[in-house]
Structure formats: structure tokens, C-alpha cells
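Spelled out, the chains give:
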Amino acid sequence: MIPEIVAPRYDPHAALAIDGATTASWLEGFLRDELVGRRNITRAVLGLSGGIDSAVVAYLCARALGPQNVYAIRMPYRTSSPDSLNDAQSVIDALGINAETIEISDAVDGYLRFAPDADGRRRGNVMARMRMLVLFDQSARLGALPIGTGNKTERLMGYFTWHADDTPPVNPIGDLFKTQVWALARYLGVPVAVIDKPPSADLEANQTDEGDLGITYAKADQILHLILSGYRDTNIVERGFTPSDVALVRRRVDTTHWKRHLPTTALVSATAINEFYLRPVDY
Amino acid sequence: MTNVALVQFKPRKGEYAANLAALGAVFAQLHGAPTDLIVLPEAALTGYFLEGAVYELALAAPVFAADVNRIWRESGGGAADVVCGFFENDGGTFYNSALYVRLGGIEPQIVHVHRKLFLPTYGVFDEERFHTRGRKLGVFAGAFGPTAILICEDAWHAITSTVAALKGARVIIVPSASPGRGLGAGRELENVVHWKSMLANVAQEHGVYVLYAGLTGFEGGKGMSGSTCAFSPRGELMAEAPALGECVLRVTLDDAEVDVARSTLPLLGDLQSALPDLWFDPDLPLPRAAREPVES
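Same order as they appear, the protein sequences are chains A and B. Residue numbers for the first sequence follow my numbering, so the first one is 1 and each next one is one higher. Residue numbers for the second sequence follow my numbering, so the first one is 1 and each next one is one higher.
It should be emphasised that the hints constitute simulated quantities derived from the structure, not laboratory data. Treat the hints with care, since some could be wrong.
To be verified - Straight-line distance between alpha carbons at most 30 Å, and here's what the computed DSS-like set of lysine-lysine pairs gives:
id, chain 1, residue 1, chain 2, residue 2
1, A, Lys197, A, Lys152
2, A, Lys219, B, Lys167
3, B, Lys222, B, Lys167
4, A, Lys152, B, Lys222
5, B, Lys136, B, Lys167
6, A, Lys259, A, Lys197
7, A, Lys259, B, Lys222
8, A, Lys219, A, Lys152
9, A, Lys152, A, Lys259
Stated by the list, open to error - Partial pick of chain B residues on the chain A-facing surface, computed with a CB cut under 8 Å:
id, residue
10, Leu50
11, Gly221
12, Pro282
Backbone N, C-alpha and C define an ideal beta-carbon position, used for all residues, glycine too.
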């Protein structure tokens, strides 16, 4: 018998592996170019929730711009988990960045008095949009650019409030899947408690992302990667995923394309903006 | 010997005059050492992703050559050759081009203009929407002798470097603008790993020097992956730059190295004899006329 060598089968984990040092260095370069190089702005402001996404962005901003130029705003609502504030504090302490806490309860409740029938989804959207309002106002106060903290998984799954979480003009982690954000967080040295806790939008008590989505991030990210790479559902099932998980992810992507675009504008001319008149964002 | 300076350059998007001035400062720096040939990246003085603004910033080759010559002379430069990528306006037809120009005189001498043959129009790229593709791959007399230029995607097709070598090129110059992507390959971006592997293969297979100048810096989130580098005719990496940040890479080309590499590994000579059998194969999907022998 002569030896036989068998090529390894498709490994969905390997496809999403990232090198922490390369990724961090690249994203720091991005932040410096976008803020200082392109806009001549040396300060960044971000909403620090206590979750892993904003923690990673805080670390990247501190490395790119210096901690003295980073402003973290905590914006709790009265039902927000106290753990969120504490976890955010651990990031602030570790980095030595500037921090402020601005309660949004009065502002949110002031509006909700006129909407007593608002369900959890509507209330969550009001909170997210209030945080956007605060962040942009603080941006004007501080002369600091708002930095986005949405990851690729939630963008693809439509798991965010339109014109709220997605509004900052610069986002260093928007092309990283959630599991890649976790990997980057470990490289950056984000506090373990922030990395290990179940991700949550913290809009309602006991809420978790994976409970809301109906699938784990580990599975969702691999399926999303295959969908975006051009594989059909049958190909994805052949690679070890259940038809129901594939259908769930496919449906979330296919029903939320609109959330990843600017508002739809009726085209009536041959000079329509972004249709005929095309200029890149940095021109 | 030919002294080459590869310039990894980071333009400000659309600010042609400011970028020319910045290039003048680089030119002044280059005078610190002998420099026969300077290579700049693709779209070096405008930025790469311009979309419709190509029509606002494209220049006729003589106008572009005069601008480069003016700042070269203002920097105190003597005689030297420059390769620089630019968006070309040829009477209302637009190309993604690279100029090879001889500088130092009152008037610049345009030696060659290469118009990009393969315009990537997929994924993040949309070149064919804004440019017309070039139709000819020229080999011309440069500072190091027979020279060819391949702009970025041109070099991804094995046949372009093969044709250049068959037409006599001893150095292939690759101005490029390559958006960095792929973070899983270790300390280098996946596209950079691919580029270096491909350029090394081109150099080794054909026994040519390969000079690669990459644009650097972020353009609206897309980071140009620099990684300017040079390969010897044996396929050895002579020098390389990091992905991000401007820099100058200096390499010296030695004509004897090409002869030695080709005698040690005579793949190009073998191809010259085998080419007619491959090229005139009736099963090749080529137009009929292309299969007919070319008169010498």
C-alpha cells in the first residue's frame, strides 16, 4: 500500500478566521485616514453600551487617535441593566478615555407619554433614535466625529434601528461578522466579562440577540458568509447547516436590503443623484 | 545599472494640484541618491475610485506630462524617466492609463502611454462604466531597455506578461491601486499575498524584473494596500513596502541578471519555439483572423 493523502473538507470556521494584529492595524489606519486625514478631525465620540461592539470600537479609536481624543457616552434608559453601565466602566477604566453618562429616560418617556400603546419594538426604536440624537449633539459639542459600532452580522440580519444605530458617518467594524468582532476583542484585550456575556440590545429585560434572531451568531455568521459568497441554499445545507437555519438567515437578509440603503427616490431625470450623477463619498 | 525609485503614494481624493505639489516634495527627496527611473502607482495624482468624476479630472497625456515635468524641474531634477498612472482624456474618450515620460528637458518626451487592457468591472470595481479599454500591449525602449507596462488587473492575466516577454520586455512595470481585503492570511492581507505570489511567478517564468508600485491610504473605507515591491528575474523579492503609509523603495536593476536568469531557466526561449503549436491550435476560441500567421 502506498500512502493516501486526503484533502480536508470545507471548514466553515477557517473561512472567517482573522489575524488580530493585521485587522487592528488596518482599522486603526482607516480611522486615522477618515478622521484626521480626510476631515481634519482629531476626536471621536461613540455610544458605549457595555457590549462588545462598542467596546472594540473604543479600543480601536483609542489606539488610532490616543485615549485623550476619545469620548465615550453612556446613555442608559431606566430599564437598562446595571451590568451594562459597569461593563462600560471597565472599558473606560482600561483605556483611560473620556466618559460621560447621559440618561435618556426623561427624553424617551417625554415622547412615550403621547404613545402609551407603544409595544416593546416601538419603545426600543425610540430609545435607539434618542441615543442617535444625543450622540450627534455631543458630536457638535465636543468637535468629535460620531463613530459607528454596528457589525456586519446585525447589518445583514437587519437587526438594528434604521437611521439610529447606522447613522454615524464612519464605522470601523461594519464589515466584520460578530464572531470576528469577538476574535478582534480577544486580541485587543477587551475585558473578559464584556467578551463572555451574551450579546444583548438591552432594550428589554432578559433580552439577548441570539434569542431575538432565533440562531446563534456562530451559525449565522457562517451561513451569511456562504450566502454573500454566492452559494445557493442547497450548497449551504450540503456544508452542514440545517435547511431551517439557512432559510431563517436567507429570509432576514432578503427582507432587509432596504435598511442598508439610503431612502428610495423617484428617478425622473438623467441626472438623478447616485443613479446618473455618481461621485464617491470622499470626493 | 539602472537606479529605480518606486514611490508608494497617497493622494488626496480629487485634489490634483495639491497632489502634484506633494509629488514635488517626493521628487526633491529623490535627488538624494542617483535615480534613473521613478515609478508611481495607478491613478496616483487623483485617487482611484472617482466614479463620474473621472470626466472632471482626466487629462490629455501631453498636458499631464507637462505638469509632471514642470514639478520635476522645479524640484531641481536633471534627466530621469517617470512612470505614473493617470486618467486620460483622449478627445473625449477616457482611459485608465500610465504615462512613461522622459523628464528634465524644457519639454517632456513622452516615450509611451499604456492604456489599461483589462478593466475590472465586478465586485468593488466599476472601471468599464467610466473608461474605455486599451487595445495594445506595447514594448518600448525605457531606461532599462525593452520595457512593458501592465496596469493592475492587466497583470492578473498570465497572457499579458507572457506577451510582453515574448515581445522582448526585460522589465515589466506594474502601477496598481489594489483595495486591501482578506484578513485571515496572517500578517499580510490576502490580496497582497496573491499579488506577491503572482508577480514572483511572472518574474521567474519570463526572466524579467517586475516593479510594482501600489497606491496607499483609504478612499471612502477602501484601503489601498500599497505593498510596493520589486522582484528579480529569478523571482526573488528584492524589497517591499508595508501596506499602509507612503514610502520610497530603491532598487538597482542589472542587465546581466536578466541574461543569467534566462540561461539558467530558459522557459521564455522554450515558449518561443513551442508557441506556434499552442497559438495556432484550431481548438483555441480565437477569431479566425487571429490564427493566421502574422507577416514579419
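We went through each hint and held it up to the structure:
{"no.": "1", "hint": "A:Lys197 <-> A:Lys152", "result": "holds, 19 Å"}
{"no.": "2", "hint": "A:Lys219 <-> B:Lys167", "result": "violated, 53 Å"}
{"no.": "3", "hint": "B:Lys222 <-> B:Lys167", "result": "violated, 36 Å"}
{"no.": "4", "hint": "A:Lys152 <-> B:Lys222", "result": "holds, 16 Å"}
{"no.": "5", "hint": "B:Lys136 <-> B:Lys167", "result": "holds, 12 Å"}
{"no.": "6", "hint": "A:Lys259 <-> A:Lys197", "result": "holds, 27 Å"}
{"no.": "7", "hint": "A:Lys259 <-> B:Lys222", "result": "holds, 21 Å"}
{"no.": "8", "hint": "A:Lys219 <-> A:Lys152", "result": "holds, 14 Å"}
{"no.": "9", "hint": "A:Lys152 <-> A:Lys259", "result": "holds, 13 Å"}
{"no.": "10", "hint": "Leu50", "result": "holds, 7 Å"}
{"no.": "11", "hint": "Gly221", "result": "holds, 7 Å"}
{"no.": "12", "hint": "Pro282", "result": "violated, 34 Å"}
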